[in-house]
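**Q** Model the placement of chain B on the given structure of chain A, informed by the hints.
Number of protein chains: 2
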Amino acid sequence: MIHLYTGKGKGKTTAAVGLCTRALGHGFKVCFASFNKDTDKYKYNEHDSLRKLGAEVISFAKGHPGLDKSLDPNKIAEDANIGLQFLRDKISNEKIDLLVMDEILIAVRDNFIPESKLIEFIEDKPTDLELVLTGRGATDGLIEKADYVSCIECVKHPFQKGQLARKGIEF
Amino acid sequence: MIHLYTGKGKGKTTAAVGLCTRALGHGFKVCFASFNKDTDKYKYNEHDSLRKLGAEVISFAKGHPGLDKSLDPNKIAEDANIGLQFLRDKISNEKIDLLVMDEILIAVRDNFIPESKLIEFIEDKPTDLELVLTGRGATDGLIEKADYVSCIECVKHPFQKGQLARKGIEF
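Chains as they are written, first to last, in my numbering: chain A, 1 to 171; chain B, 1 to 171.
Treat the hints with care, since some could be wrong.
[What the hints assert, rightly or not] Just a few of them, taken from the derived set where beta-carbon distance is under 8 Å, the chain B residues facing chain A:
#1 Y148
#2 S150
#3 E153
#4 G168
[To be verified] Over 10 Å on every C-beta distance to chain B, these chain A residues come out as not near it, computed from the model:
#5 K41
#6 P73
#7 E115
#8 D124
#9 T139
[Stated by the list, open to error] Simulated pairs of lysine to any residue, SDA-like, Cα-Cα distance not exceeding 25 Å:
#10 K145(A) - V155(B)
#11 K8(B) - G137(A)
#12 K52(A) - E170(A)
#13 K95(A) - F171(B)
#14 K8(A) - C154(B)
#15 K145(B) - G168(A)
#16 K90(A) - I122(A)
#17 K156(B) - I122(A)
#18 K161(B) - E123(A)
#19 K8(A) - H157(B)
#20 K161(A) - K145(B)
#21 K95(A) - R51(A)
#22 K69(A) - R51(A)
#23 K156(A) - I119(B)
#24 K161(A) - K145(A)
#25 K125(A) - P158(B)
#26 K52(B) - A33(A)
#27 K43(A) - I2(B)
#28 K41(B) - V57(B)
Keep in mind the hints are simulated off the structure, nothing from the lab.
Source: prediction; values computed, not measured.
Just so you know, even glycine gets a beta-carbon here, dropped at the ideal spot from N, CA and C.
Looking at chain A on its own, in the form it has when it is part of the complex (with noise of 0.2 Å):
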């Protein structure tokens, strides 16, 4: 099934971490695939939890260039591309029953990875994957072809207040 995390507030990644956590528990076989997050600037805590369970963590389009203006658009437009055409491989040649696909939303969004090319990857997908998305501005489109859609509403948030982004917290 697709599953959809979406909306403003916090709990998207962290959503999918858990489902990778339970499922991890459960026996299945996970890999965790980040887009447009700078994995070798910033340390993501998740990941290394995730890998000691037994996950497979990897970054595609390490960051993005509207947080780094040194990022070159076209290039991580491109590597987003490659991440995308990685894991369509990836699915086809070994038996993975869960795949998230981190903030793949905000690459759709920004126009890094058109819509139609992850809608292909969700209908040539095997049938038994469960595969997770998330990110803020899911489109109708993608919407319409998941089975689970949740929005995460930010009622509150203490970045409201000028709080930065705290360590094992929000990342």
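**A** This is chain B only, laid out in the frame that chain A set:
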């Protein structure tokens, strides 16, 4: 800070589990306490994974009389309050960095624990303890106390088409 995951969508407990997974990756001391879940009868696969990563996982007031008619609501209420007191003692005697009280908002909504007692717990907790509360139907008083409030709306869920809960995904 106080984190609150509420709303009718999938992802409340899941996000709390994800937050623990991240915090454990950062070396935080984590305690995950569930309320009104029958952990003797059902296997929650996320608990095994969290234990493997070093979290303490505890369960109070096992089950919900609304789901299991054989349970005595008074006994469940008593157990929930014993749990609350147990955690109160625990966080004052041990250095815990992150405490999850999973489904505690249901325990308050269904009058097993008075809202005033949970607010008192929040007011008395060590200031540097990150406290995560999950469950539907958060009260205004608790929302007022929280720093993070994410409301997870259910846009789509396969339960609506009659799909039952699945191993590794819902539990």
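**Q** Against this structure, judge whether each hint is valid.
**A** Now for the hints, and whether the structure bears them out:
Look at Y148(B): its Cβ gets to within about 6 Å of chain A, closer than 8 Å, so that hint holds up. Hint on S150(B) holds. Least Cβ distance to chain A is approximately 4 Å, under the 8 Å limit. With a cut of 8 Å, the hint placing E153(B) at the interface with chain A holds, because the nearest CB-to-CB distance is about 5 Å. With a cut of 8 Å, the hint placing G168(B) at the interface with chain A holds, because the nearest CB-to-CB distance is about 3 Å.
Every CB of chain B is more than 10 Å from the CB of K41(A) (nearest about 17 Å), matching its label as outside the interface. A cut-off of 10 Å between C-beta atoms confirms that P73(A) is not in contact with chain B; the least separation is 29 Å. With a least CB separation of 18 Å from chain B, E115(A) remains clear of the 10 Å interface cut-off, as annotated. The beta carbon of D124(A) is kept farther than 10 Å from every beta carbon of chain B, the shortest such distance being approximately 21 Å.
Residue placement check: T139(A) keeps its beta carbon more than 10 Å from all beta carbons of chain B (closest about 13 Å). About 13 Å separates the Cα atoms of K145(A) and V155(B), which keeps this hinted pair within 25 Å; it holds. Straight-line distance between C-alpha atoms of K8(B) and G137(A) comes to about 20 Å, which keeps the hinted pair within the 25 Å bound. Simply put, K52(A) and E170(A) have alpha-carbon atoms about 19 Å apart, close enough for the 25 Å limit, and the pair holds.
Our distance criterion of 25 Å between C-alpha atoms is met by K95(A) and F171(B), whose separation comes to about 21 Å. Taken as a hint, the K8(A) and C154(B) pair is honoured in the structure, with Cα atoms around 14 Å apart against an allowance of 25 Å. Restraint check for K145(B) and G168(A): the C-alpha separation of about 22 Å stays at or below 25 Å, so the hint holds. A hinted pair counts as satisfied when its Cα atoms are at most 25 Å apart, and K90(A) with I122(A) qualifies at roughly 14 Å.
With a C-alpha separation of about 17 Å, the suggested pair K156(B) and I122(A) falls inside the 25 Å cut-off, and the hint holds. Simply put, K161(B) and E123(A) have alpha-carbon atoms about 20 Å apart, close enough for the 25 Å limit, and the pair holds. Proposed proximity of K8(A) and H157(B) is supported: the alpha carbons are some 19 Å apart, at most 25 Å. Annotation: proposed proximity of K161(A) to K145(B) holds, straight-line Cα distance about 15 Å (limit 25 Å).
Simply put, K95(A) and R51(A) have alpha-carbon atoms about 18 Å apart, close enough for the 25 Å limit, and the pair holds. With a C-alpha separation of about 30 Å, the suggested pairing of K69(A) with R51(A) is violated against the 25 Å cut-off. At most 25 Å may separate the alpha-carbon atoms for a hinted pair to count; K156(A) and I119(B) meet this at roughly 18 Å. Distance hint between K161(A) and K145(A) is unfulfilled; the C-alpha atoms sit about 37 Å from each other, more than 25 Å.
For a cut-off of 25 Å, the pair hint linking K125(A) to P158(B) stands: about 19 Å separates their Cα positions. Under the criterion of a C-alpha separation no larger than 25 Å, the hint pairing K52(B) with A33(A) is consistent with the structure, at around 22 Å. Of the pairs offered as hints, the one joining K43(A) and I2(B) holds, with about 24 Å between alpha carbons and a cut-off of 25 Å not exceeded. Restraint check for K41(B) and V57(B): the C-alpha separation of about 16 Å stays at or below 25 Å, so the hint holds.
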